[in-house]
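Chemist: What follows is each chain in one-letter form.
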Amino acid sequence: MNKATLKYALLAALVLQLAIMAGVFVNGFYPLWLGEEIRVKTQPVDPRDLFRGNYARLNYAFSNLENPDFKPGDVIYLPLSREGDLWTAGEPNHHQPEEGLFLRGRVSSRPWRGGSRLTFGIEALFAPKEKALALERQLRDEAVAVIRVAPNGRAALVTVNSE
Amino acid sequence: MQLLGLLRRELRSECRQWVQDGDITAEQGDRILARYGTRLDDVGDGSLAYKVLVGVALLFVGMALLLLVSANWEEIPRALRMLGLIGMTMALNGVGIRYYLKDGSGLGWLFVGSISYGASIMLIAQIYHLGEHYPDGLFYWALGIAPMALLVRSRVLALLMLTVALLWLFNEGKFSPPWQMLLFLAAAFGVARQSASAGLGVVTVAVAVCWLNILLAWIYGYPWRPDFDTGNLTMNMGLLALLFMLGHWLAPSALAHRRRAATLLSLWALRGYLILLIPFTFYEVCEAYLRELQGVADPGLWFGLLAAIPAGLLALRDSSAHPLSRGLVMGVPLVLLMLHGMQWEAIVLPMVILVNLLALVSAIVLIQQGLEKGYSQYFYSGVGLLLVLAMIRYVDLVGDYVGGAVMFLIAAAILYAAARYWRDRQLQGQGGQRDE
Chain A
1 MNKATLKYAL
11 LAALVLQLAI
21 MAGVFVNGFY
31 PLWLGEEIRV
41 KTQPVDPRDL
51 FRGNYARLNY
61 AFSNLENPDF
71 KPGDVIYLPL
81 SREGDLWTAG
91 EPNHHQPEEG
101 LFLRGRVSSR
111 PWRGGSRLTF
121 GIEALFAPKE
131 KALALERQLR
141 DEAVAVIRVA
151 PNGRAALVTV
161 NSE
Chain V
164 MQLLGLLRRE
174 LRSECRQWVQ
184 DGDITAEQGD
194 RILARYGTRL
204 DDVGDGSLAY
214 KVLVGVALLF
224 VGMALLLLVS
234 ANWEEIPRAL
244 RMLGLIGMTM
254 ALNGVGIRYY
264 LKDGSGLGWL
274 FVGSISYGAS
284 IMLIAQIYHL
294 GEHYPDGLFY
304 WALGIAPMAL
314 LVRSRVLALL
324 MLTVALLWLF
334 NEGKFSPPWQ
344 MLLFLAAAFG
354 VARQSASAGL
364 GVVTVAVAVC
374 WLNILLAWIY
384 GYPWRPDFDT
394 GNLTMNMGLL
404 ALLFMLGHWL
414 APSALAHRRR
424 AATLLSLWAL
434 RGYLILLIPF
444 TFYEVCEAYL
454 RELQGVADPG
464 LWFGLLAAIP
474 AGLLALRDSS
484 AHPLSRGLVM
494 GVPLVLLMLH
504 GMQWEAIVLP
514 MVILVNLLAL
524 VSAIVLIQQG
534 LEKGYSQYFY
544 SGVGLLLVLA
554 MIRYVDLVGD
564 YVGGAVMFLI
574 AAAILYAAAR
584 YWRDRQLQGQ
594 GGQRDE
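Going line by line, the protein sequences match chains A and V.
If you read the first sequence in the working numbering, its first letter stands for residue 1, the second for the next number, and so on.
If you read the second sequence in the working numbering, its first letter stands for residue 164, the second for the next number, and so on.
Read the hints as simulated data drawn from the structure, not as lab findings.
Fair warning: there could be bad hints in the mix.
Claimed, not checked - No more than 25 Å apart at the CA atoms, straight line, and that leaves these computed lysine-lysine pairs for DSS-like: (1) V:K265 / A:K3; (2) A:K129 / A:K7; (3) A:K7 / V:K265; (4) A:K41 / A:K131; (5) V:K214 / V:K265; (6) A:K71 / V:K337.
As the list claims (entries may be wrong) - Partial chain A-side listing against chain V, Cβ under 7 Å, derived: (7) A9; (8) A13; (9) L14; (10) G73; (11) F126; (12) R148.
A virtual CB, placed ideally from N, CA and C, is assigned to each residue, including glycine.
One chain only, chain V, in its complex shape (with noise of 0.2 Å):
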């Protein structure tokens, strides 16, 4: 039930309610929330509205701050321009540290402190009519950001750095490899830790497995420039499976938000992998690959194999994930040494019809397991991935529409099983109530 812990305004609603209309007592529903990292008397919820509405609206005064400088306006000396703009940027931070230092409040100056102080640098650039290198803007725009998340632990002073960061990271990862982008992401974990936050550690692991994406590239393109490569995919092959196994490892913590951080980790390396599993569904896409490999010494491999191999350990020591994904997670290693080891033309066939399979065992398991366990999102994406499948076979079908067909008729099959065992369940339980 871990999924639940995503939901914990509207469990807290609900609970207030089973507690106001005596179904459970007050003390009955601490209990139940604190499984969860929340409490009945916990005030997010109805600031929830006003913190969104008043970070669209801070947003919004940044982007017209941007917009005022995308104007030139060229009316104002230059140096005036400048010097707004700068002093803008110290008043508004200033501003903000008072209110932090005094009662703990101020994140919204020092967001668009921020943002003021990125626009001072664009406008510097623009005023002195900087054209080389303009990632650099980007660079420092983030750098001078870090800091200040870290020292008022804001997430969302920490997005908006990665956000920049981010920028940096393509702009810059056409030039040179982005190493100092390990300086953001380190701040963004610092701040994701600090301040309790699952969600942006999760975002910071996406912008992370972005970066090693572009980093080996680089590896494949030296000196010259980034080269996206087979290798990348299989690299993603091995971090997916890694960052699967890491949910499932950091799961029973103590600690809600890091159980949360858990299940989006296992949840959106699931979604990962299966969105990465239906291209290879594609003869055309699995000849390709498998064509382009570049055999054992591929550093795209040792780099997949330095993350599957970790995955692999902890699916051998961790018995509460299901037995297949673990089956699948152990075996990412040698698949991913067997893709690269063997002649192509050997595999492609068995390959595509073994990715199709796995496709399809897949989406039965998740349907099944969200059934078996109540996780909605596993069920839906199973149907999801289930349809997708099926409207892809719709228009390219494998073999001939006789293949296509029995595609069909196994998906129908799954759906109605599902539908019936789901009705089933229900039924028993309606007849264990009766008996009791």
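In isolation and in its complexed conformation, chain A is listed as follows (with noise of 0.2 Å):
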């Protein structure tokens, strides 16, 4: 490879690094900046996180399934409605609801006592040590999280609020 060539295969090895960043970044604020925000309820647990630092991990009612037609991996969708000033989820579906909100999310873990875990994005709340355990201590019981939800069904997580 001459010089020239290889100075511009090097540029767009940089430049797909920096389309994978872009990428990951558009994808994360998708639903920031398109979605419409709703407000379910959760629970903080576990904070930890080798890589990427402290979090609470956040439990929703709707992260587990039960449903044995899923295999880990399949991309699930789950229709969402309103019932006063939460949003709760309803069955969940291999097929993509043709109107209302909805959550598009994955089966993530193998079936363990009787169901699996489903992931939407939103499970992750990251804050430094402490603030993630005092999160985990205050938000124990009643905590509500507030998630904007885009057309596609994506979700991003905006932040954590007592109830």
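Can you join these two chains into the complex? Each is in its own frame, and there are hints to help.
Modeler: See below:
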């Protein structure tokens, strides 16, 4: 490879890194930008992450799946419905609902004690260690996650409040 | 004497001393060193310590970056944090590319730039509280390093990419079959070939073996989860036989790095084989393995045969390998078929006895080869195996105390015979010198 070609190839490799970083950013930011804000009940538990630092892991009532028709890695859609100030999720489905607000998630673990777990990208609230631990203590019983849901079902966590 | 090729720095240093003392001429020294792919005037020696220290320092810089990301520095606005890290990634890599194009240096900058790139991906995920499918972050990290490593032919970048890809493999492997690993393995092989790196080539082979094991586990557990089965052991037996014979097949190559890779492959395949053999010297392990086997329809058996049959054919053609190892490799397909096709109750005891004898014979052959051909690695592997077998039998006796005692006596006799043989050879050498 001559020097000029190598130069352009290396710049292309650098642009690829930039494009991947931009992709991760846009993917994370897209629901915050275009999404509709909803509030759902949650429970912060067990702050910890080896690479990304401290966070409070959030558990939602709709994170548990007992339907044996779904296997790990499957994409699932949960229709959302409003009940007063809060939103709740309906039955999981393989197909995207034609109308209404819904969450797009993935079956992320093997069946365990009769069920699997679903993840939607809203399970981790990153915070300094002390704050994550305090959040876990303060919000153990009554917590509400503020989430923005994009039209395609992708969700982004905005914050977690006491009810 | 291929194993000496792994100690090229020490060889150069010794050879220079011989030339300096007038024992050999510089031309002879160069001719000797050429056998191992090096020369008297190779300048790698002095800079090795420097390279290691700089490499460790750069790694610490990278770890400091990762710690900064982990600290969640809340007081700095999110956008500024993210732009800062992305800017740093671009700047570090930009400087690296500039130096590389200028005079081929700058790999240190690219290495820290690659860690900064990974830290940026994590930071973006952290800022936006992304929790869905975290292995994707590792995948994108390795994916971004791959073209850079290939273009600058950097072993360090390729090793960083392989490490991140391996972490991705173990994490993604829990959720779905990690097919994309093929991409990283191909990139690592590409760098190993371009940079003539035997070490990177062998590390890539080891990672490929891990990948094949996870894929086989997915065949067993599909579509729910990876499920490791006894067939994984069967497949590894075949793979080790193939790697061992590939090492022998590559050994006569004219290229020094290929000879080094061949030596490392056959040595580590042999060690892997011995490690695999040791658990099977226990009755319980053999019994559990044979009981759990899934018959001749087992995919592990067919993957094992897919590797063991070409290994057997190579052994048939290659007369340079020791007859015992050739026999063993050629017998592997038959043994695998027998194990999967027979009633387990009938072969447990014969298998335990056979494996114990095989381990013992392997130790004897290794010691003998080590002494005969001067392969110190083989000699110590044989002595090590013998010691491990003796210790195992001491804590877990086969049959009864008499069986254990017999085992110890056999081991002692082998060691004593090896010591006598060694002493006789030394005396012969001295006698020969006196006669002259």
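Chemist: Hint by hint, say whether it matches the structure.
Modeler: A quick look at each hint next to the structure:
Only pairs whose Cα atoms come within 25 Å are accepted, and K265 (chain V) paired with K3 (chain A) is accepted, the gap being roughly 10 Å. This hinted pair does not check out: K129 (chain A) and K7 (chain A) have alpha carbons roughly 43 Å apart, beyond 25 Å. Pair hint K7 (chain A) plus K265 (chain V) holds up; C-alpha atoms about 10 Å apart against a cutoff of 25 Å. This hinted pair checks out: K41 (chain A) and K131 (chain A) have alpha carbons roughly 20 Å apart, not beyond 25 Å.
Distance restraint check for K214 (chain V) and K265 (chain V): the Cα-Cα separation of roughly 20 Å lies within the 25 Å cut-off, and the hinted pair is therefore satisfied. Our distance criterion of 25 Å between C-alpha atoms is met by K71 (chain A) and K337 (chain V), whose separation comes to about 12 Å. Hint on A9 (chain A) holds. Least Cβ distance to chain V is approximately 5 Å, under the 7 Å limit. Here the hint on A13 (chain A) is kept, as its CB sits about 4 Å from the closest CB of chain V, short of 7 Å.
Hint status for L14 (chain A): holds, given a least beta-carbon distance of 5 Å to chain V, under 7 Å. Interface hint status for G73 (chain A): upheld, as the beta-carbon distance to the closest one in chain V is roughly 4 Å, under 7 Å. Hint status for F126 (chain A): holds, given a least beta-carbon distance of 4 Å to chain V, under 7 Å. Below 7 Å, beta-carbon pairs count as interface contacts, and R148 (chain A) has none with chain V, the closest being about 11 Å; its hint is therefore violated.
When the structure is compared with the earlier hints, violations turn up for hints 2 and 12 and for no others.
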